[in-house]
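Trainee: Fit chain Y to the supplied structure of chain X, relying on the hints for placement.
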Amino acid sequence: MVTPTPEAAAARRFPAAQLADFRNRCEELSRRDLRDPSALHAFSVDSPELFWRTLLEWTGLPWSGSADVVRTSSDVETARFFPDVRLNYAEALLRPIDGADDDAPALTGVHADRPPETWTRRELRTAVQRGAAALSRLGLTAGERVVAIAPNTTGVAIAALSVAALGGTLSTATPDMGTTALLGRFEQVEPVLLLLDRTGMEDAEDATLALLDGLPTVRRLVVLDGGPLPDLGDLPVLRWADLAAEEGDPVDWPRLAFDHPLFVMFSSGTTGPPKAMVHGAGGTLLEHVKEHRLHGDLRAGETLYFHTTTAWMMWNWQLSALAVGAHVVVYDGPIAGPQTLWELAADHKVHVLGTSPPYLQMCQDEGYQPADEVDLGALRSVLSTGAVLHDWQFDWVAEAVGAQPLQSISGGTDIIGCFVLGHPELPVRRGRSQARSLGLDTVAVDEDGAEVVDAVGELVCRAPFPSRPVHFLRDPDGSRFHSAYFADHPGVWTHGDLIDFAPDGSARVHGRSDGVLNVNGIRIGPAEVYTALRGIDAVTEAMAVEQRDGARPGTTRMVLLLVLSAGARLDGTLEREIRRTLRRKASAAHVPSLVVAVPELPLTHNGKRSERAARDAVNGDPVVNVAALRNPDSLTAIRAAVLAFDGRLPAPPAPAVVPSRRPSADGDLQGAVARIWRETLGLAAAEPDDHFFDLGGTSRQVMGLLHRLRTEVGRDVPITDFITAPTLGELTRLAGAGAPGAAVDMPAAPTHPGSFRELLRWMAEDAEVNRRRGGGTLSVLAAGIFRINQYGTRRRGPVASVVRVLSLPLVAFARLGLNCELPGELACGRRLVLAHGGRGIIIVRDAVLGDDVVMAPYASVGAAYPTPGAPVIGDGVYLGAHATVLGPITVGDGAFLGARSFVLRDVAPGGVALGVPSEIVDPH
Amino acid sequence: MSVAVAGHRAPPIVPRSARLREAAVSTVRLDADDTAVARARLLLSPAELAYADRAAPVVARQRILTRAGLRRLAGDVLGLLPEAVPLREGADGRPELDVPGADVSCTRSAGVGLVAVSTGQRLGIDAEPVLDWRDEVLAEGWLSPAETRALVALPPAARGLAAARCWTRKESLLKGLGTGLTDTLADLDVGVGRFDTLVAGWRIRALLAPPGHVASIATLPDSIPAPLAAAERSTRGHAHS
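Protein chains in written order, with this note's numbering: chain X, 1 to 924; chain Y, 1001 to 1241.
Treat the hints as calculated values from the structure; they're not laboratory data.
Treat the hints loosely; a few may be bogus.
Stated by the list, open to error - Now the in silico label distances, taken between C-beta atoms and shown as ranges:
hint: 1; chain 1: Y; residue 1: Arg1054; chain 2: X; residue 2: Gly227; range: 46 to 52 Å
hint: 2; chain 1: X; residue 1: Arg534; chain 2: Y; residue 2: Asp1076; range: 53 to 59 Å
hint: 3; chain 1: Y; residue 1: Asp1132; chain 2: X; residue 2: His482; range: 50 to 56 Å
As the list claims (entries may be wrong) - Incomplete in silico selection of chain X near chain Y, CB under 10 Å:
hint: 4; residue: Thr78
hint: 5; residue: Glu366
hint: 6; residue: Arg580
hint: 7; residue: Gly696
hint: 8; residue: Val702
hint: 9; residue: Met703
hint: 10; residue: Arg710
hint: 11; residue: Ile719
What the hints assert, rightly or not - Not everything, but these chain Y residues come out facing chain X in the computed CB check (under 7 Å):
hint: 12; residue: Ala1055
hint: 13; residue: Pro1057
hint: 14; residue: Val1059
hint: 15; residue: Thr1179
hint: 16; residue: Asp1183
hint: 17; residue: Asp1189
hint: 18; residue: Gly1201
hint: 19; residue: Arg1205
hint: 20; residue: Leu1208
Note that CB positions come from ideal geometry on N, CA and C, so glycine has one too.
Excised from the complex, chain Y in its bound form:
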């Protein structure tokens, strides 16, 4: 916190995305001031603004900033202005890109959002804060038997992180699939560890997240995204923002 060389601002840094081999991911700060939110609003479509403004003010700001961040990243990747990125809302609230072969996903967790864009495969990302462990988590009905065993085998101090990670792995997979939350989460076995895993052809891996959070990304390699039939999808169940 000291001003080592006082009085002047160091040259501005405009970070770009970290490029994973398959997808571009970038972080969006959600505690920006009103000017930044107002600027972000300008980038959104009327439908996106309406969706954001429905929410409580704090949530609305977060949705606006995250969606603006997504548009900026997609704009970078596709070479378009953020306002011009052809984002539309899929049937279940999942943001879709009207560009063949390209896909987007975003997530919010506390003061930070993550947005991701890929060209050539479907993807889903999710970030969660690491909460204190409570034994009730085992009874909430979303952990598979193997995951439950894995959690119980961990020391209690490590379970909160592992459970949060497991959740992000499932959630990122479901967001990639576009199915939304289902009652059969416990049938999905994605594991509680941080290592890459393959589930039903999807590759799930850990993403760098701010301290106190975990994040995962799920990608379906080498495919042109084929939207699931409407009947197979469940309705909005995620903060797609």
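Chain X on its own, in the form it takes in the complex:
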């Protein structure tokens, strides 16, 4: 545990948390003991009418009408709350509050390049009164929609509240989203008025025109900045500052229906334009005030800063803090470094700071220690949302910031609030959100809809709650609204997140359940990726999954798994084409970090693709539902492929040339040097002009390269000599291999199975030939054991390691029982025949064997002591019984080495070696 005990936490919060006062009231009215947090939550969901009514009254928010009817039904989709209550959002935020000093700061705007400006509560109220009056004079009435595009300033906050005061409906975003994205959202809103702050906008003139072109319903443009007014022909353009300075009578701020539209928020769907969700004034206000006061214990006079932009629901959320009398700070500048938010918190004596996991990770990565650098004496809690908050980040905050609770909160634009968030009386558990939101019957369920505890399930809400959207735009029959939340599990709201709840009510969110990817805070619909790839013939199937980015903990990246059509290869050209296509047809955010070709994608028994299994495999996590898969082997291939690609060197391309392990005719030394070079760099081919560092070699690898040259080839090449011209040709020359400019080394055929699947294939082939030509079960056994050993030794990765360990007893058996000495490191091609169980066969690990080699009993291949170097044996070579091949020689393809032959010199392809010592005869 990271933070102080409940007693200490409670002691910090002197006087007692507001939650305690609310709880007392509930206990009075319900005559129940609600001291246990889960009891209080249970009360809030099993007595919803009493809970919500008590909450409305306890908050002291201004409203008129009657709260007798709390909700119209218990149906989560259609129930409405407080149909007879009328209120005004702006009035609730700005009214004078007992306990809130009207002349204390209420809103402060901080900037990167100029001093901050502060409005007291009284001044803010006056500014909004003037703003509302001005907008009213322009003709704005309740129910009309307004769009505001601005950075996070006090100006846009005042304008927003002025719109809300009149009962207008507001939708906001930030200018750097770009015109296309802005129009994608706002053309659905059909606003009558556009409020625009062009500060920091690129090509502001063109952008303004483009925006107005795309919003034909706009009757007037009001500019919030001080720049020159554009000339828009017959469209009136005004400046906010001028409007606010006008004299005029104040207007009434009407109290409207609880569900009167206040905000239009946007959430990206997986296909098509973003969903436009309309949120009601009452639901928004009540939910926010509940969260601020009961969960965050925010009080009048305290200062809140939540790092956000106007495009994100946290902007609306923090603005509502004015309703509790808090002082809200807004900041329109960039994050210049890890110090930015902490300095802001110190400068403005922030009590509650809201940030995100990526920001905290950046502070941690850069070694910035906030408590050492700035005075955080006023800070009493830190909130985090937007991505997964990892366990180690809780530790870091405890160490680098202090004992303040770090509250991980999670919810959604869809509910303009949180499902799980903090609790003022409970300690913080690492990696978890402390409590469910009161009044929301949130649980995790399995596929059948049954509640699960202490296990990951689908996040659902089983009862209606006030902050559901009132409706979607462009959804006259409510069908889009229905399919967004109510189609998966009947009768409940399905949010689309995976979550687990512990018995103590704490929760951890585990990711999306609908396949929507969150790549560093940007939601990507996989369907968009697949649609974009449809035109590429080489790709038959694709699956996009999130992977934790190993190089940057706390962030995620997109991995694209591809199944290619027969004969297609994932080379540089195809990969580039894929990336280009995605960028063009979708967006830059849809371009994956990693593109990997796999033989097949995981399917459930009904043939549905399992993104979850693929995602677990890609992250190296154990796959929970392996039993539910039709093809669990697909996961191994995925894991291996991702491992191979996830490194510093390009994965070796599949060999395109006729396999022949035979190096050039000139010499085995050259072949050995080339082989060591290839293996060091992880390449399948090498040419004399290849430059070590240009191919991705590192200085450290030079040491390994030269060391191997010393031990395997017996040549000592000084480092400085190699570094002068680090090419293969030069290295070969320095190693004394003979004439420079020797022939190109042939690309090598595979010397061991490259994957588990291949292992199985190779073993099947080996078994076949050993059965036919090897003489039976023992040969099959010997070959099989060798192949498993080879795979486990020469391959990297978890699968291979497991195989290696499991193969050890088998190898011991082969050595002792079968007398067959084949080392796992041996480079050996396919279909190796070990006659008579491989009895007495010994091969040193540095030898190289081609495909289709047949070895009779007691054949041996080794070095000719004291010369280092082992034979390279080609394809289809036959070694008779007791044949002995020694030294750094080459035996060509198809050679026949008779029984008891003793071979110390090269044998040409097709050559025959007979007798002792062998007289090499030409083939006839």
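Mentor: The following block gives chain Y in isolation, referenced to the frame of chain X:
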């Protein structure tokens, strides 16, 4: 991986360098997409582009991104546009700044690059991935007797990290000196631990590196960099990129 508050991007974070007392160091992600690489290319000089394009595509991208990152950092430190930073290639491939008293160094390791800029001293940095330990490392000929003893004294599970660290300490020193790889690496005794050390007047210390990697930085305090005479330098032996 969850979207806690769905649908919107958190405000963009543009991290700047962590300022060590002597040098500015920053991380460069090398797995960026083609747009980022294309943008990075625009910052490089023709010579830098030629050097990058010589290499295999993956390596070329890494060189481009690292060099662009170096230019951006140097631009930040010196108050110049990245394209305008006067970087040139020293005789051994070591990047040099044509600004008196300022020096640069960079390194690449897997998907991450590190770039460093200092004003007032020479420096070298190196990052390496932590590889599995193999006993052959002791025979590769770059460890001093004391370092060998130190490695052998460690539990096997800790040796991979210690060897990688030792390598980065030597390499960063050599890059700072500008000598390149030499045959006398085993004569350099920089130690396998993570603590600061002084070697021939140079200060070698550990740098924060991504998980699975180690990094070190070597600086020569309080001096105006005096380039070594050409004859004392060896030729290109590092991924100076």
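Trainee: Compare the structure with each hint and give your call.
Mentor: Structure-based check of each hint:
1. Checking the proposed 46 to 52 Å range against Y:Arg1054 and X:Gly227 shows it holds: the Cβ atoms sit about 48 Å from each other.
2. Between X:Arg534 and Y:Asp1076, the C-beta spacing of about 43 Å breaks the proposed range 53 to 59 Å.
3. The hint said 50 to 56 Å for the Cβ distance between Y:Asp1132 and X:His482, and at roughly 55 Å that hint holds.
4. Among the interface hints, the one on X:Thr78 is violated; its C-beta lies about 23 Å from the nearest C-beta in chain Y, farther than the 10 Å criterion.
5. Nearest Cβ of chain Y to the Cβ of X:Glu366: about 4 Å, under the 10 Å cut. The hint holds.
6. Satisfaction of the interface hint for X:Arg580 is found here, the shortest Cβ-Cβ separation to chain Y being roughly 7 Å, below the 10 Å cut-off.
7. Because the beta carbon of X:Gly696 sits about 4 Å from the nearest beta carbon in chain Y, less than 10 Å, this interface hint is met.
8. Taking 10 Å as the C-beta cut-off, the interface hint given for X:Val702 holds, the closest approach to chain Y being about 6 Å.
9. The closest approach between the C-beta of X:Met703 and any C-beta of chain Y is roughly 4 Å, which is under the 10 Å cut-off, so the hint is satisfied.
10. A hinted interface residue such as X:Arg710 counts as satisfied when its beta carbon comes closer than 10 Å to some beta carbon of chain Y; here the least separation is about 8 Å, so the hint holds.
11. Among the interface hints, the one on X:Ile719 holds; its C-beta lies about 5 Å from the nearest C-beta in chain Y, closer than the 10 Å criterion.
12. A hinted interface residue such as Y:Ala1055 counts as satisfied when its beta carbon comes closer than 7 Å to some beta carbon of chain X; here the least separation is about 4 Å, so the hint holds.
13. At about 5 Å, the closest approach between the beta carbon of Y:Pro1057 and any beta carbon in chain X falls short of 7 Å, and the interface hint on this residue holds.
14. The interface hint given for Y:Val1059 is met, as the beta carbon of that residue sits about 4 Å from the closest beta carbon of chain X, less than 7 Å.
15. A least Cβ separation of about 10 Å between Y:Thr1179 and chain X goes past the 7 Å threshold, and the interface hint is therefore violated.
16. The restraint placing Y:Asp1183 at the interface with chain X holds, with a minimum CB-CB distance near 5 Å, inside the 7 Å limit.
17. Taking 7 Å as the C-beta cut-off, the interface hint given for Y:Asp1189 is violated, the closest approach to chain X being about 17 Å.
18. The interface hint given for Y:Gly1201 is violated, since its Cβ lies 23 Å from the closest Cβ of chain X, which is over the 7 Å cut-off.
19. Proximity of Y:Arg1205 to chain X is violated relative to the hint, the smallest CB-CB distance being about 13 Å (cut-off 7 Å).
20. Because the closest C-beta pair between Y:Leu1208 and chain X is about 6 Å apart, less than 7 Å, the hint holds.
Of the numbered hints stated above, those contradicted by the structure are hints 2, 4, 15, 17, 18 and 19, listed in ascending order.
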